[in-house]
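K.L.:
Listed below are the residues making up each chain.
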Amino acid sequence: MAADTGGGQVVGEYNTAEPLVMHIDLNSCFASIEQQSRPRLRGRPVVIVNRATEHTGIVTASYEAKARGVTALMKLREARKLVPDVVAIESDPAKYRYVYRKLLAIMEDYSAHVTMKSIDEGVIDFKQATEMIQRRGLVEIGHEIKQRLRDEVGVAMRCNVGIAPNRFLAKTAASLHKPDGLDVITHHNIREVLADLVLTDLTGIASRNQARLNAVGIDTPLDFLAADEEVLRRIVFKSVDGTKWHRRLRGWEVDDVASQVGRVGRQYVLERFDLSRDDILRRLHHLCESVGWRMRKQGLAARGVYVYARAESGYWHASRMASLPFFSNEAIYALARELFRGAPERVREIGMHCYELCDDVETQLGLFAEELAHERAVVGATDEINTRFGERTIVSADTIDTGMYISQKIPFGSTRYL
Amino acid sequence: MDDSVQLNEQVDVVVLFRPGRTMCEPVKFRRKNGREVTITEIGLRHPRTNGVRMVHVFDVTDGGADYRLEFDAEQLTWRLTREADKW
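Chains A and B supply the protein sequences, listed in that same order. In terms of my numbering, the first sequence is residues 6 to 423. In terms of my numbering, the second sequence is residues 1198 to 1284.
Excised from the complex, chain B in its bound form (with noise of 0.2 Å):
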């Protein structure tokens, strides 16, 4: 089974915007603990509503781990939300 871990992390992320496959590309991001990650590549970046808010869903890696980082544009905050690096 996918061992994801569920996370409700709040996170510092450099951020590109330019014209492209996702517009918006997360570079890096600042755990809370002070790691940093840097993003080799963003698999898929999905639009999710939590009622009329819209959170940006992006599934990114950086080669030994998955994550999922969500971007609220309401409250323009970033969250990591999942970190999966085993199956």
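Isolated chain A, as found in the complex (with noise of 0.2 Å):
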């Protein structure tokens, strides 16, 4: 194989480099920044909900309460018959962002290379750090950053730290041992780590690529790091996902790629099944109002807006395409507004994302030059009047009461607004 080597050599196609990546997950890590912060939740089954209410789903489960059952996602009414005494806390997104804050400076400590994968993970790439870094070893610098997490951010707080010589097998050393766990994956140790797992252990292996794999008679984890490249390539993966899945679980690095924004969107689970049409489009009036002013935060525009509802009679969807870019909140919402005329009735869940995003030029538009500078305007002080004040110091008369039932929800999975 010509591979990069990255410093390793290529022993029957494995990376024998040293291991230089290191994963760092908090543990439970909404439950545990709320034990943290309220002593007497410590050693109780503590959930979070984004809602105070029966039907919310459950964003994270404390240690206590997964120990008895309660999992993410799990609605907090069936939690609530597995564990009575289960504390619900809504969640308090400044508090995790801190948190987060804390987190990430603490790793920009070690290297420059820090890449944070979601509010409560990130990978530190020690490859560029320096020599007296390199040289203390990975092992007792994670411990450190452990005991720092404990000193600067409180005594609650537990990370799982993973080692290995590229980001999916530090990913996969940082779930070995939850919680608090240490872990390193090499060239030397990787078939006994993966005989102690099944294949939807490994990040990128749910159940359709599980059924894939076992079409082919590969049952687990060995079986797939012992196939063949060509098999996953052409028969499984059918692209070139079947060669990154053979490189990556032999150590090579292949996700070292910057994401980009594809899309920006919110949802929101109706607090009532009653409510009026006109109540409703209130509230997607709101959540393009929210989704216009992330959008713009990072410099973009969007040509498509997709919207959403689930209601008694199943899922419904509709989208639109713009022949020019927008970016104002009243813009989005006229596309949003009229493709939601189509919903159904009795909808419990609405939601909307922008996409086909690009960079927010001023554009010189003969015809329409005078109208999109006006609205540039306006949105531009807008916007600056919020930046100041907050975020809803100004909004649509239409939305003027509909931030008391749609709060700011955790920004799980990107670190985009974080």
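Calculated from the structure, these hints are not laboratory results. Ideal placement from N, C-alpha and C gives every residue a C-beta, glycine not left out. Please note that the accuracy of each hint is not assured.
To be verified - Here's a subset of chain B near chain A, in silico, CB distances under 8 Å, partners left out: (1) R1218; (2) P1244; (3) R1245; (4) G1248; (5) D1256; (6) T1258.
Combine the two chains into a complex, taking the hints into account.
P.N.:
Here it is in structure tokens:
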């Protein structure tokens, strides 16, 4: 294989380089932060929810709750059946952002190459770190980071650390001994580690990929490791993904790619299922304002709007592309409202996103130049005031009181807005 | 469900400024009704912004109840904004 060895040697196609990638994962992140900030919650089964209602979904469960069968995404009322004394806490995004920034600052003390994968996990690439840092050894540094998290955030904070030659194996290592583990995976112990796992323990292998692998007799991670590259590429994944998996499992880096913003969106489970059409539209308008604000903060404009609704009759969606990019809340809402005319009755959840994003550069469009300049000036002034005095200081009269229902949510899975 | 009571009560606070995890440590506070609460642990201190105004939020406990104190860094005022003594 003509592989970039990244300093390692090709021995039986494995990357034998020193493991210099560290994955850090905060354990039950939001629940741990709540247990840190409210000491009387420590040792209790705690779940974090986005809304104080019984039919809301659980965002995170503490280890005490997980040990009794509670999982994320479970409905709160189901969790109560399992654990009657479970304490449900409404999410507090400002607090979680603070801990995220503390963790990021700690990680950046060790390398300039830090990538946060989400609000509760990140990767430090030590390949270009100073010799002094490298000489100390990543295991020692991993223990130091754990201690610093306890010293600088609080004693209830724990994290898992995984060390390996590439990101995928580092993440796998970080999931081996929760909570508070520290594990290293190299070409020496990869087989022992994989022997104790099932296919769906591997990040990126969910039920669909598992079925594909099973179809060719690959039933365990060890089978997966032993599989021929051509079989993975031509039969299992039918794409270059097969080659990537073959390399990923052997410690070669294939996941060091910056992700681009593909879309910006929000969703909302209605607080009541008997709202009038006008009330639902006002909530949709609120989502459009929120998405427009986030999009503009990224310096982006969009060309498409996608709207969906979950109703008793099932999932409904509609989308439309505009000929020119748009950026204002009103332009987004005008398209979304038009699309929503086709939505079914008895809606329970609504959502929308903007797609086909592009840099929001001022265009010289003769025919519309004056209107666009006016719109841009109004939006710019509004955004400036909202930046100075708080996100929803100036909103449409239509959504002036929807904020009491639609509160800010935790940006799980993305760190773009932190 | 968490049974927190939301408050907006101005309180008198004794504070220690010293190096450490939070740098600024509320030690005890007196409520409007005269009751004094001695803080046994600061769970977390985190900043929150109201527009450009910085508010430092302290989640603290006296061992029997949890409290949230907010220090407005512009107006230099302390407020008790949450109390929770049961779940």
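K.L.:
A separate judgement is required for each hint: does it hold in the structure or not?
P.N.:
Hints, verified against the model:
1. R1218: Nearest chain A Cβ about 6 Å off; hint holds.
2. P1244: With a minimum Cβ separation of about 7 Å from chain A (threshold 8 Å), the hint on P1244(B) holds.
3. R1245: Hint on R1245(B): holds, closest Cβ of chain A at ~5 Å, below 8 Å.
4. G1248: OK, holds: G1248(B) within 8 Å of chain A, min 4 Å.
5. D1256: holds (4 Å)
6. T1258: holds (5 Å)
Hint check: no violations occur; every hint is consistent with the structure.
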